[in-house]
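The primary structure of each chain is shown beneath.
There are 2 protein chains.
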Amino acid sequence: MKYILFFLFASFFSTAQVTKEQLNVMPWPQNISLSEGSFALTKNFKVNITGAPNERIFVGATNFLRRLDGRTGMFFNQGFITGLNEVPEAQLQINCVRGGKIDLYEDESYSLDITPNKITLNATTDVGALHGMETLLQLLQNTNNSFYFPVSKTSDFPRFTWRGLMIDGARHFMPVDVIKRNLDGMAAVKMNVFHWHLVDDQGWRIEMKKHPKLIQMASDGNYYTQEEIKNIVKYAADRGILVVPEIDVPGHGSAILTAYPEIGSKVEILNVGNGEKGQQLKQIQKYDLERNAGIFTPTLDPSNPKTYELLSSIFDEVCPLFPGKFFHIGGDENEGKDWDSNPKIQEFKKKHKLANNHELQTYFTMQLIPMLKKHNKELMGWEEIMTKNMSKDAIIHSWKGANEGQMAGQSLVDAVKGGYKTVLSNGYYIDLMYEVADHYAVDPMPKNVALTNEEKARILGGEAPMWTELVTPATIDSRIWPRTAAIAERLWSSENVTDINSLRKRLKTVSFRLEELGLTHLKSKEGLLRNISNNQKSDALLDLSNVCEPLKGYTRNSDGTEYKMYSPLTLFADVCTPDASDAVDFDQAVLNFLKDKSAENQSVVISYLNKWVKMDSDLNVLSNNAPLVQPLLPLSKKLKDISQQLLLKIDKKENVDSSVLNNLLEKCNTKEHADVELAVYNSLKKLVQA
Amino acid sequence: MKYILFFLFASFFSTAQVTKEQLNVMPWPQNISLSEGSFALTKNFKVNITGAPNERIFVGATNFLRRLDGRTGMFFNQGFITGLNEVPEAQLQINCVRGGKIDLYEDESYSLDITPNKITLNATTDVGALHGMETLLQLLQNTNNSFYFPVSKTSDFPRFTWRGLMIDGARHFMPVDVIKRNLDGMAAVKMNVFHWHLVDDQGWRIEMKKHPKLIQMASDGNYYTQEEIKNIVKYAADRGILVVPEIDVPGHGSAILTAYPEIGSKVEILNVGNGEKGQQLKQIQKYDLERNAGIFTPTLDPSNPKTYELLSSIFDEVCPLFPGKFFHIGGDENEGKDWDSNPKIQEFKKKHKLANNHELQTYFTMQLIPMLKKHNKELMGWEEIMTKNMSKDAIIHSWKGANEGQMAGQSLVDAVKGGYKTVLSNGYYIDLMYEVADHYAVDPMPKNVALTNEEKARILGGEAPMWTELVTPATIDSRIWPRTAAIAERLWSSENVTDINSLRKRLKTVSFRLEELGLTHLKSKEGLLRNISNNQKSDALLDLSNVCEPLKGYTRNSDGTEYKMYSPLTLFADVCTPDASDAVDFDQAVLNFLKDKSAENQSVVISYLNKWVKMDSDLNVLSNNAPLVQPLLPLSKKLKDISQQLLLKIDKKENVDSSVLNNLLEKCNTKEHADVELAVYNSLKKLVQA
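Those sequence lines, one after another, are chains A and B. Residue numbering for the first sequence is 1 to 690, as defined by the UniProt record's numbering. Residue numbering for the second sequence is 1 to 690, as defined by the UniProt record's numbering.
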């Protein structure tokens, strides 16, 4: 290509001095300093690897090269990197002292030195070197016709050793490609633990050779084969990521009990036959896969030896698939209803002097510890497993907060004070559609609690859970990204890195770059909007989606039955995301205007209001041939109505009755339409009240 | 959801009478008649299956329901369909007389009867019923607030029994999810043969347990596991699709010979050592995986018994993965250079009285027939295998045409006259970026050749080959779709269905609907443009992409070395597609204007010209921070320059020197920029010359 040659020469031209504020690195490194000058990228850019790294470095370095290639369109001469010291003269020299282990507490540090003619990446382990390559990719700059790296020195290491993302493959099954691209996303922001929620009321997702009934009866044909699991574990390890599997017991048991009702806790009296032939039979409850969302009663029977036989056998088959040290057994949300109503279980409690269901669950969980220890696995569970007799070897996964009637992070403090290692998820529930600022403000290290250094050390880090009641493979990425990158920064960077404006600015570029990994968080929107618009071209629908956010918390699917697990979720709410882009920008425009009512600041605000007036009119036209647009019209009208009045007031300087304004404004404070809310309400309120 | 209830009632309101011209069915059915009235869709819509179908019907019916669900946002109550006669009262009744075989000549017919209260889909086999469900999905209509099917009767069957798509997984490896979504696309347009090109100079893509060297040395780690292959074969069969694997021999042999150089044809004299210690050694040639595109010399040695031992053993392992009756052994583009220069092979020819390399290749191919017959497979090969002593059992894949110095389809006629069954691919090379009208005009049944009925019957059908030298998983869909749907229509529908305007109109909707299958042909564009623009918002780049088409034929990568097989292909040419949308629409606008110079017709033309003037200015702004936009500026400028002059002439009624116009016009007839051409050149020419 002719213009490649052009680049070759052009790239030596002026590259203005870059400042730290211009960098879009995330997580922000522990130390970075910039100097004058730049390293110019050319088609002949090459990578050389020395030292004694694990083989994963070759996969990593080749992927690094291809991504840089794709961004720059340079199509470097170097193809695959498969061995040590292949190109001693290469401009990028990567040295690793030793192979890294995929485990907690591994040395993940690296140092990156960019000079005008050479880049040196040194790390103790290849895992650190992988992180360094991600930083280098994020440091890429460009002029109008060339790409370069700024001369700089970075030395970096993580603050917490557990920087996790959980994906629920049970509610909506997430195929292998979805998992893989999200592992790539994790690696790009230096996350290192993938918690894979594989079993829940809605499905069993692990191929079982000794217990095929679990997939035959409880997966709808949607499961990961053992080969696929091994392949994903390898894929994760190649990216420095540890996989922690979860089989959720004893609650969330519908799937297991669909296949093995005999170990369920419920015993029911059934009326069989009718009329004179009718009789009452006490028989094993039949269970079915759950199709709704919520907390359900099906629970394993802790008094039945068969329960433990089955679980032990399951662990024997599943544990070898996961070489990592941890196994998550869930343990959450067991309400014990079926235990209370089962006389046999009540007897069992008495016999074992178990005062309540908590102690009964502890009894149950304690049986699992040796089953896992046999495979060198430590048991991890949601905070409910932390009862008074629970082994101190268990890792406590802290998740409850205000929504569960508890102080946020309380269980984390309780855990470390009680001698348990712990991981924080409360505050990181990305499925709940809160804005990025909320998650970014949550720190695993409690602020106002005095902890000893020993106790602090038990706080392993944090993890963002992505539950999948309301997402499909087409929408999950837009729920995970880009917000999870902010959580990754919280877990990696210094606790002092907290500037939300800097985060927001960097997140735009980070989000854009994540797309090169195949993540669909940006482009999935287009296809879904095309369906809603019935293939009609229009900016109006996009404009509306940029000021709407899905209902937050558990309000969208409040009774858990509005959407089934097989619902394709192709609605407007599925297109919208937290941090609606125009809403964020409009808020800034309003703040600017209220601070300084210059003509320029005013015109920005007015252009938004005009856009929404036009949007409403365009949406009405669109809706003539698009049934799925109909439910959005009332929402659009509300925004148009207040916009028109504000235009009269601000643009035309007319006197507008404040009661009229307030009335129209409050109509925008609604959750009644299409499972979304108008994210501009608060900004509009500022304008109205100004 | 409140609006679902709204739909329930609204859907009973007026639905205007639909005409055949409004239907967006493709391939067009053999018989379809519309009557007044409609079947209204409600949330309670259900499917029931009766008869004796193969189990694949349950997968198919469940998928059908989910797709209808996603389109309408109704989220039907019915979840999974897993057995016969589950819902006897269902509105959609599907009956199949018997299970279908995944084979040629299977009965694929169906009849579909839509009445206001009931839909009946009858078919001999489930394969026919699957086709009927696709037709039903395509018949979906809507009012402003409801969805319905028009009352109608359809009876349908295919014209040809081989309606194929070939995907080359060797040049650029195409992961499982790419294959699966394209199988879904094939099923949506009733194609039934997936030809999987699995081996070429650039890679061996089949996991081999007995010959692991093939993947260890010749796949770059990119291959399909045997489990994945079985899984894909099952996935295809569930959609009525037969999989035909291809291992291309004896040419295109670099990958096989990288692992097994000892069966290569080349013997080289090597200088080993230097100075006094130097000596000449005759030794086995070392082969490497090919990274470029083109025709290469590495060829298996037909005189070496080890060649046949290896191939026989390979077939023994690969054949059982594919239950279908056909195995494609390639056989193309063997230039015989290494045969000519190898004395041992020349001796072998003499000994076996093989007059030339064609006869030698025939000798080679004939050895493969019993290896395949052992597994009940018929041998298929590209037309080069058709030499005078070739077995009549072989199926001839006709591919050469003008580009290969041959009359298009000549080998097809030769084949059927010679007693061979044959499949046409010449004219269906979708990787070459020709417009849909070109492919649509090609009919497997030759027009001007007298053939007996027996000879005609040997024409099995046609197949669209998608070679992957210049595509990646991110771009392949946009090369396959939507044009392949037009080829599917050519192969299914009556030979009289040839109206290109009707095709173009229907193709817009078909293309849109294919997106629901996860195909990325529409939305991949957005992500690539975001990269080129360096994440700057702008319509200009999109506007330019809508008037540009990638260079056609083999001109883009003419020496085969500009792009390597590991090049990520993220350039502007990779975003552009044949049938550039604005170019097609502009041509119509020009035709309308030249026919009737009304103000309205003129304003449409003028708005395009104005758009391109503004586009050029916007692109210049964009390019200040986007190196990948730079190479597009000269092209944009050429379009702007002629647009400005035409605006002066048409809009301002000024006298513009025709030599100036012609000069600027011819600058638009260029292939010099960014591997694309301006698809509006011909339309501009009409305007200039008017």
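If you are wondering where the hints come from, they were derived from the structure by calculation, not from laboratory data. Treat the hints with care, as some may be off.
Each pair may be met inside one copy or between any two copies, as identical chains are not told apart.
[Claimed, not checked] Quick list of in silico lysine-lysine cross-link-like pairs, BS3-like style, CA-CA up to 25 Å: (1) Lys-230 <-> Lys-20; (2) Lys-43 <-> Lys-564; (3) Lys-552 <-> Lys-667; (4) Lys-213 <-> Lys-230; (5) Lys-286 <-> Lys-537; (6) Lys-353 <-> Lys-564; (7) Lys-101 <-> Lys-649; (8) Lys-43 <-> Lys-671; (9) Lys-508 <-> Lys-101; (10) Lys-597 <-> Lys-649; (11) Lys-234 <-> Lys-213; (12) Lys-353 <-> Lys-552; (13) Lys-671 <-> Lys-46; (14) Lys-505 <-> Lys-537.
Given the structure is predicted, the values throughout are model-derived calculations rather than measurements.
When no copy is specified for Lys-286 and Lys-537, does a C-alpha distance of 25 Å or less occur within a copy, between copies, both, or neither?
neither (50 Å within a copy, 56 Å between copies)
Within, between, both or neither, where Lys-213 and Lys-230 count as close if Cα-Cα is 25 Å or less:
both (21 Å within a copy, 21 Å between copies)
With identical chains treated as interchangeable, where does the CA-CA distance between Lys-234 and Lys-213 reach 25 Å or less: within a copy, between copies, both, or neither?
between (27 Å within a copy, 20 Å between copies)
When no copy is named, should Lys-508 and Lys-101 be tagged within, between, both, or neither for a Cα gap of at most 25 Å?
neither (33 Å within a copy, 52 Å between copies)
From the Cα coordinates, with 25 Å as the cut-off, is the pair Lys-101 and Lys-649 best called within, between, both, or neither?
neither (64 Å within a copy, 72 Å between copies)
Alpha-carbon proximity between Lys-230 and Lys-20, which holds within one copy, between copies, both or neither at 25 Å:
neither (41 Å within a copy, 52 Å between copies)
Using 25 Å as the alpha carbon limit, work out where Lys-353 and Lys-564 are close: within a copy, between copies, both or neither.
neither (41 Å within a copy, 71 Å between copies)
Reference check for the pair Lys-43 and Lys-671, CA-CA at most 25 Å: within, between, both, or neither?
Between copies only: 23 Å across chains, 53 Å inside a chain, cut-off 25 Å.
Using 25 Å as the alpha carbon limit, work out where Lys-597 and Lys-649 are close: within a copy, between copies, both or neither.
within (13 Å within a copy, 46 Å between copies)
If the cut is 25 Å between Cα atoms, do Lys-43 and Lys-564 qualify within a copy, between copies, both or neither?
between (51 Å within a copy, 13 Å between copies)
25 Å Cα cut-off: does Lys-353 pair with Lys-552 within a copy, between copies, both or neither?
Close neither inside one copy (43 Å) nor across copies (81 Å); limit 25 Å.
Is the C-alpha distance from Lys-671 to Lys-46 at most 25 Å within one copy, between copies, in both cases, or in neither?
Neither way: Lys-671 and Lys-46 sit 54 Å apart in one copy and 31 Å across, limit 25 Å.
Hint compliance for this structure: hints 1, 5, 6, 7, 9, 12, 13 are broken, all remaining hints hold.
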